[in-house]
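If you read the protein sequences in the order shown, they are chains A and B. The working numbering applies: residue 1 is where the first sequence begins, and numbers increase by one. The working numbering applies: residue 1 is where the second sequence begins, and numbers increase by one.
Please note: incorrect hints may appear among the correct ones.
[What the hints assert, rightly or not] Facing chain B, a subset of chain A residues (Cβ under 10 Å, in silico):
#  : residue
1  : Arg2
2  : Ile7
3  : Arg13
4  : Arg71
5  : Gly100
6  : Glu103
7  : Leu104
8  : Leu105
9  : Pro109
10 : Ser111
11 : Gln114
12 : Asn181
13 : Arg257
14 : Trp258
[Claimed, not checked] Taking beta-carbon pairs under 10 Å as the criterion, some of the chain B residues facing chain A (in silico):
#  : residue
15 : Tyr50
16 : Ala82
17 : Pro258
[Stated by the list, open to error] Label pairs and their calculated CB-CB ranges:
#  : chain 1 : residue 1 : chain 2 : residue 2 : range
18 : A       : Leu132    : B       : Pro192    : 39 to 45 Å
19 : A       : Ser211    : B       : Asp150    : 55 to 61 Å
20 : B       : Gln128    : A       : Tyr5      : 43 to 49 Å
21 : A       : Leu244    : B       : Ser134    : 41 to 47 Å
To be clear, the hints were calculated from the coordinates, so they are not data collected in a lab. Beta carbons: idealized from backbone N, C-alpha and C, even for Gly.
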Amino acid sequence: MRNLYAIYRKEMRHYFVSPVAYVCIGLFLLISAFFFNFFLAAVIQQSFQMEMQSMQYGMPPQFDVPGQVMRAFLGLLSTLILFITPFLTMGVFAEERKRGTMELLMTSPISEIQIVLGKFFASLSLFALMLLPTASYVVYMYLHSDPIPPWRMLFAGYAGILLLGGSLLALGTFISSLTENQLIAAVLTFVAFLFLWVLDLGHTSEGGLGSVLQYLSASRHYDEFARGIIDTSGLIYYFSFMLLFVFLTVRSIDSMRWRRA
Amino acid sequence: MIEVQDLTKAYGGVTAVDHVSFSVNKGEILGFLGPNGAGKTTTMRILTGYMPATSGTAKIAGFDVFGDSMEVRRHIGYLPEAPPVYPDMTVEDYLDFVARIKNVPSDKRAARVTDAIRKTNLEDRRAQLIKRLSRGYKQRVGIAQALVHDPDVIILDEPTVGLDPKQIIEVRNLIKGLAGDHTIILSTHILPEVSMTCDRVVIINKGKIAAVDTPQNLTSQLKGGQKIRVEVEAPEKALRDALTQVPGTTRVEAEQLPGGAHLVAIVETAQGADIRSAIAAKIVQNGWPLFELRGVSLSLEDIFLELTTDDAAHAQESAS
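So that you can see chain A by itself, here it is in the shape it has in the complex (with noise of 0.2 Å):
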């Protein structure tokens, strides 16, 4: 436990001595900032058209206009986070590598279970820490809104990106494990994203490999969390998701040792 601490100590320290940090997290709230902001606007506008139909009709209005815009502004966080993880992840073990760092880890008393989840939850911490000024845009938008909705919306919506981040990353990690270039380990955490991404169109196709591709496809799952719902299964995809790809950087790190010439 210490020694997985010293690890993650030194990752944070590491984030945040680089421009990497920065850049990711100024880049990610300024782009989430415009879209919330943007969304926002569209979405009040519609409501008002709504509401001017449907007094045309004579209906009570229903919209929804801070659910709509949470479901809007969670998608957008999703694609978002596609596209800044991998720069999270790229260096994790690549730079190490290059380094000649991993030689130093290697030969402390420190296991390789315990190097691969200090990084991990370094990368979740800053992860956590770049999603949580937006937080603050949804709640200053829950607390003008008239009645109040769910708190558990916010929860849900907030618990499955983590989630979703948590499983990006920890794929970033294994990718980073594989190569000492950290551009390569960025290009290919973004095609193995995309792919995970797409994967649950194949549920056109009917039947058996259909619902597998559904189910195996980290979208899918994310849109249970972003209506407010807290689905096992998808709990249990996530967490199962993070533990094979952690268990695999520990593998990969491992098979180094022999592979080393």
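Fit chain B to the known structure of chain A by using the hints.
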């Protein structure tokens, strides 16, 4: 402290380390000498648990480097060929990090870091980012890293490479100062380094051990006899013939010194024979002016070259 038995490492058809056996006593400095690619780094990496051996065993402080890797890693400090530093950290933060992952108890950490900084003369650089340090300082940080947890065994892979002459002397003195409390293995391809710092030398070539001895024994072994250097003014052919006639001579080489009429002849003699007076007499007898006559003891360099360029049979013979 360190026991290595029949250690072999083969990757893809190449045997980098071939049945290497040696042992190091507590407090001793062992030099690992060999040309680049001889298997020094590979042997060290096996000892540190960085990579497994193909066959054979190695024990450090009684623990098997493969079976008990974690325990071994607690007992060693290791400086790889390139200092494993994080450029974005300060010297102090970096050493603190290393102390943490080497399981130094938190109440002793600050003291250990300060101690390592003091021993490597990094006091005035402790708050500087490692990427701003010169090569010599980085190397020192690498050494500080290897001793921050006060390990029993310190393994240094070419610790003086890339340093300037003054720094080299400092590092050598530092290493000598560490012996006694620590058992040290260092590798180098620089010969004076081993004769100056090491208690014992393992000469390794193409993965095989060519010789294990003290530097003094290796130099005084004078394999193949003694060499005598003669500087004289004489016709080359006549000198060669005259010297060959001296009893006990095994080989004569003569060559013209640049920019002068002087000839320098190197006379090799059979073991045990001192023929200096006989040579002098011969030269005087011919009436040639003699400028210099002295015995040349084989330097470690000569032994090294002989051991590492000769055929394996010769190397084997000298090792036994």
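Hints not upheld, ascending by number: 4, 12, 17, 18 and 20
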